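Please build the complete structure, drawing on both the sequences and the hints.
Chain by chain, the residues run as shown.
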Amino acid sequence: MSSATDVAVRVEGVSHSFGEPGDAQHVRALLDTSLKVKRGELLCLIGPSGCGKSTLLNVIGGLLIPTTGTVEVGHTPVRGPLPRHIAFVFQENALFPWCTVMENVKLGMVFQGVPRAEQEPRARKALEAVGLAEFMGHYPAQLSGGMRQRAALARALSLETGILLMDEPFGALDEQTRMILGEDLSVLLSRTEKTIVFVTHSLGEAVFLADRVAVFSARPGTIKEIIDIDEPHPRNPDFVTTEKFAKLRNRLYGLLHEEIRKAVSQSAVVGPQS
Amino acid sequence: MKAELLRRPGLARLVVVVALVALWEIAARTVVDPMFMAPPSEVLISLGSVFDTGGVPAALRITFWELAVAFAISVAIGLVVGLAVGLSKFSNRSFMPIILLLYGTPQITILPLFILYFGIGPASKIAFGVSHGIFPIIVTIVAGVQNIKPILMTAARSMGASRWQLFRWVIFPHMIPSFFAGMRLGMTGVLLGVLLAELYVSTAGIGYFTTLFTQNFDPTKLLGLISILAAMAIVLNEIVRRAEVHYGRWRTD
Amino acid sequence: MSARSEQRGRWASRAVQLGFVVGLLALWYLGTTYWGISHLLLPNPVKVWHELRDVLASGDYLPDLRITLTELATAFAISCTAGVTLGYVISRSQYLIRVFEPLLAGIYSVPIILFLPLYVLFFGLGPASKIALGTTISFFPIVLNTIAGFGYVDKIFIVAARSMGASDVQMFRHVLLPAAFPVILTGLRIGFTVALLSILGSETIASLAGLGHRIVHLAEAMETERMFAYIAFVVAIAVVLNSLTSGLERRAKRQ
Chain A
0 MSSATDVAVR
10 VEGVSHSFGE
20 PGDAQHVRAL
30 LDTSLKVKRG
40 ELLCLIGPSG
50 CGKSTLLNVI
60 GGLLIPTTGT
70 VEVGHTPVRG
80 PLPRHIAFVF
90 QENALFPWCT
100 VMENVKLGMV
110 FQGVPRAEQE
120 PRARKALEAV
130 GLAEFMGHYP
140 AQLSGGMRQR
150 AALARALSLE
160 TGILLMDEPF
170 GALDEQTRMI
180 LGEDLSVLLS
190 RTEKTIVFVT
200 HSLGEAVFLA
210 DRVAVFSARP
220 GTIKEIIDID
230 EPHPRNPDFV
240 TTEKFAKLRN
250 RLYGLLHEEI
260 RKAVSQSAVV
270 GPQS
Chain B
0 MKAELLRRPG
10 LARLVVVVAL
20 VALWEIAART
30 VVDPMFMAPP
40 SEVLISLGSV
50 FDTGGVPAAL
60 RITFWELAVA
70 FAISVAIGLV
80 VGLAVGLSKF
90 SNRSFMPIIL
100 LLYGTPQITI
110 LPLFILYFGI
120 GPASKIAFGV
130 SHGIFPIIVT
140 IVAGVQNIKP
150 ILMTAARSMG
160 ASRWQLFRWV
170 IFPHMIPSFF
180 AGMRLGMTGV
190 LLGVLLAELY
200 VSTAGIGYFT
210 TLFTQNFDPT
220 KLLGLISILA
230 AMAIVLNEIV
240 RRAEVHYGRW
250 RTD
Chain C
0 MSARSEQRGR
10 WASRAVQLGF
20 VVGLLALWYL
30 GTTYWGISHL
40 LLPNPVKVWH
50 ELRDVLASGD
60 YLPDLRITLT
70 ELATAFAISC
80 TAGVTLGYVI
90 SRSQYLIRVF
100 EPLLAGIYSV
110 PIILFLPLYV
120 LFFGLGPASK
130 IALGTTISFF
140 PIVLNTIAGF
150 GYVDKIFIVA
160 ARSMGASDVQ
170 MFRHVLLPAA
180 FPVILTGLRI
190 GFTVALLSIL
200 GSETIASLAG
210 LGHRIVHLAE
220 AMETERMFAY
230 IAFVVAIAVV
240 LNSLTSGLER
250 RAKRQ
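Residue numbers (numbering that gives the first Met the number 0), protein chains in the order written: chain A, 0 to 273; chain B, 0 to 252; chain C, 0 to 254.
Hints listed in this document are in silico derivations from the structure and should not be mistaken for laboratory results. Keep in mind that this is a model prediction, so the values were computed, not measured. We put the CB at the ideal spot given by N, CA and C, even for glycine. Treat the hints loosely; a few may be bogus.
Here are the in silico distance ranges between beta carbons for each label pair [as the list claims (entries may be wrong)]:
#1 B/A242 / C/P101: 11 to 21 Å
#2 A/G73 / B/W163: 20 to 30 Å
#3 C/R3 / B/G247: 38 to 48 Å
Far from chain A by the CB rule (all over 12 Å, computed), these chain B residues [what the hints assert, rightly or not]:
#4 L22
#5 I119
#6 A160
#7 R241
So, in structure tokens, the structure goes:
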């Protein structure tokens, strides 16, 4: 049974190119990509560098209008940012350095249009959920990379959107921090009912966090295959040691390896990333 | 004693300064003709008489006032022009080259013109000061607006920020440390402009007295007057510098 | 923004700049020719142009130019030598840097032009006082940049060279000097620019000769056409000298 309400995001035939044909910088990032994101699932987008996964994320979120194709969130076509429905967490540190953590979280709500009285309690709730309650008054420069990303996540959570788009949020962090944040994210998400689209480079991260993993081909990117990961949330940290995990990870590796090689040989081309 | 000095460079600095002043004192009293140089002790003692010289306190007061007004005007014009040029890519590309060209020209060559147009009173001094002060302010504000990391603008847009909200909550706060750095440089410019103009006009204001003391071969009073002006400059510079340190707190670069 | 609209934007900006300059010139010409602005305040651009050609053709500028350039060269030579030498000596020890750098930076933050009357008292109205002021002012950026250049060479290079057995002379020649060179060069360029400006400034305020003085003299004689011609001339000289020094700095850094 598949009714319209089960689909949170519908992507149809999206292609995107940067620059005009004939320009030196013309890049075909995405080619004829279609996707249905189920409500409440965590969908991972994984693929080699430059395959267009971040581009697709930006298109879904309304930050980019695709050259062809459409995106629908619920029944609304996406033509620009939808701050009430979609929140972002970026890889690059997008916290405002002149604001404290609390001020950063509140500022997001100011932009979204949340009434003044609701901002403080919502901010507190989000910061507690990510474990940053003690650091509310700190400035981003005073925090570690992992804590900054927690703050960015809190800001996104406080917007109370149905959909969360995360673009390699842990990409700039070291392995150990990634592990901890991944486990905490899984716990957090089991408590909410958000739909999440999560871009990553890491095979292990994809298998650990996702309900489904969409594997991209090399540029121009399109979805090669979607793998199901049938494992309940919150994921047990021991899941990574199981044979099931290893099998899934190997499957991903098999799908990805040749695409990664293709991408590396393409990387002489100068163009926008992913 | 040596160990103490080695551990505390601040103390050593003080010793160096004292040694230089002592050298000055000795040289002025023994080697150099008193017509050309005065020992620091004399200068200190005679500071009072400098103030007693008719017209000096008024000239000092007017100079200070000129500095304050020129600075205020520079900041106002610099802020408005800086924002106007920085916020629009088109304005930036069109007008920045012109501004940089003007910034780089030796304005000293047109000082006589300023006096010609504005007279020998405070107006010309203020105008020349403003002319020196606005450029660093404009340039730093434009940089502050243009250097904002694109990800910050993207994040704000993704959260639904309107154009006004983008300016009020993202661009403006980001630009503030640059603004204060610009004001520090602007103060240096204003000091230079106003003092140059003052020294040039030898018939009124500070310039009259520097010329007078020079022609009368009175190094004591001349040094006294210069010291007072130098102190004024140091105080003003320090005020702006402290403001910059205080408001530039979040900057890590 | 696509490449084509980028190009269109660039042309539009150039058009604005051109329009701005042409507009100003037009206003200048119309104002003095038809709208009755007194020639004592703003001379006619055509007359200024003729005066400029006359100045250039007759070599009228030569004596003043020679004086100004001599003062500049002398002042810069002295401040260069003193600044680099002292800067190097101070940079040899972290302690000396901590003692002297803030001191030098502090003195530099005072407008040193204030000392001009003192120099005039001491050296008179001739070139000596201008050279003295030019030397004093340009000394500071040179010494400060030299300290920064030699003093803040990345430790890793020094450690690596020592581990390979470099002697002190080798260390200086092959590690310190090349590492410090770009920073020192910038200091020299700034020092040169600042020396030129202070010399022009002191010639304007208190002098009997030189380009700065010439402009003042013409202003007092109300010969505004010739004055404007000389202003244009001096600005052109300054622009040429600045481009030369910036160009030299860039060439030297590329090596």
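When the hints from earlier in the document are held up against this structure, which numbers fail?
Violated hint (a single one): 6; every other hint is consistent with the structure.
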